[in-house]
Amino acid sequence: DLHPLDQFRAFKTLSDQGLDPEEIGARFFVSPATVRQRLRLASVSSTLLELYEKDEIRLEQIMAFSISDDHARQEQVWERISSSHTQEPYYIRRLLTETTVRADDRRAVYVGAEAYEAAGGVILRDLFEQDSGGWFQDAALLEQLVFDRLKVDAEAMR
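Just so you know, the sequence shown maps onto residues 98 to 255 in this note's numbering.
If you're looking for bench data, these hints aren't it; they were derived computationally from the structure.
Watch out, some of these pointers could steer you wrong.
Unchecked claim - Using C-beta positions, here's what the derived DEER-type ranges look like: (1) S128 to S180: 36 to 44 Å; (2) A216 to D152: 38 to 46 Å; (3) D98 to D250: 27 to 35 Å; (4) L99 to S179: 23 to 31 Å; (5) Y187 to V243: 26 to 34 Å; (6) S181 to A251: 33 to 41 Å; (7) D166 to P129: 31 to 39 Å; (8) P129 to E252: 40 to 48 Å; (9) D103 to V243: 27 to 35 Å; (10) E176 to E226: 20 to 28 Å; (11) R191 to A123: 34 to 42 Å.
Given the structure is predicted, the values throughout are model-derived calculations rather than measurements.
Virtual Cβ for every residue (Gly too), placed ideally from N, Cα, C.
Let the sequences and hints guide you as you build the complete structure.
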């Protein structure tokens, strides 16, 4: 029997060979959005994917881990929860985003996603749950951008 991980890996191999989600989707009769989700799942820490392959982690948990590209952080969160009763996906997401700023936070709205990304900021996105625009990963950068924009706006009022 094929494990879902086999499909994630197949999509990743094709993506690494230069195929885009539309081409991969056409080969497997799935939507490009589904391909992007599978590619995101394939990008989770190999340590966690091995646990998934052994049925020691559920798919919903892997989906939650996929909001972060930081493998060390993913493994740190798993280490923290693996022997606990609280292993639900919402809790994994919360731990992975605890130092970030939600995109619907008034500071993020004030600066804007485009300006934040132009300044080198990374926005974490969840391809599996409604994420209201994601999470601004670098809170210090966002604070600096808010301060800079406030200065510009104050100058404009003089």
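Status of the hints after comparison with the structure:
no., hint, verdict
1, S128 to S180: 36 to 44 Å, "holds (38 Å)"
2, A216 to D152: 38 to 46 Å, "holds (42 Å)"
3, D98 to D250: 27 to 35 Å, "violated (60 Å)"
4, L99 to S179: 23 to 31 Å, "holds (26 Å)"
5, Y187 to V243: 26 to 34 Å, "holds (28 Å)"
6, S181 to A251: 33 to 41 Å, "violated (47 Å)"
7, D166 to P129: 31 to 39 Å, "violated (20 Å)"
8, P129 to E252: 40 to 48 Å, "holds (45 Å)"
9, D103 to V243: 27 to 35 Å, "violated (45 Å)"
10, E176 to E226: 20 to 28 Å, "holds (23 Å)"
11, R191 to A123: 34 to 42 Å, "holds (37 Å)"
Violated hints, listed in ascending order, are 3, 6, 7 and 9; each of the other numbered hints is respected by the structure.
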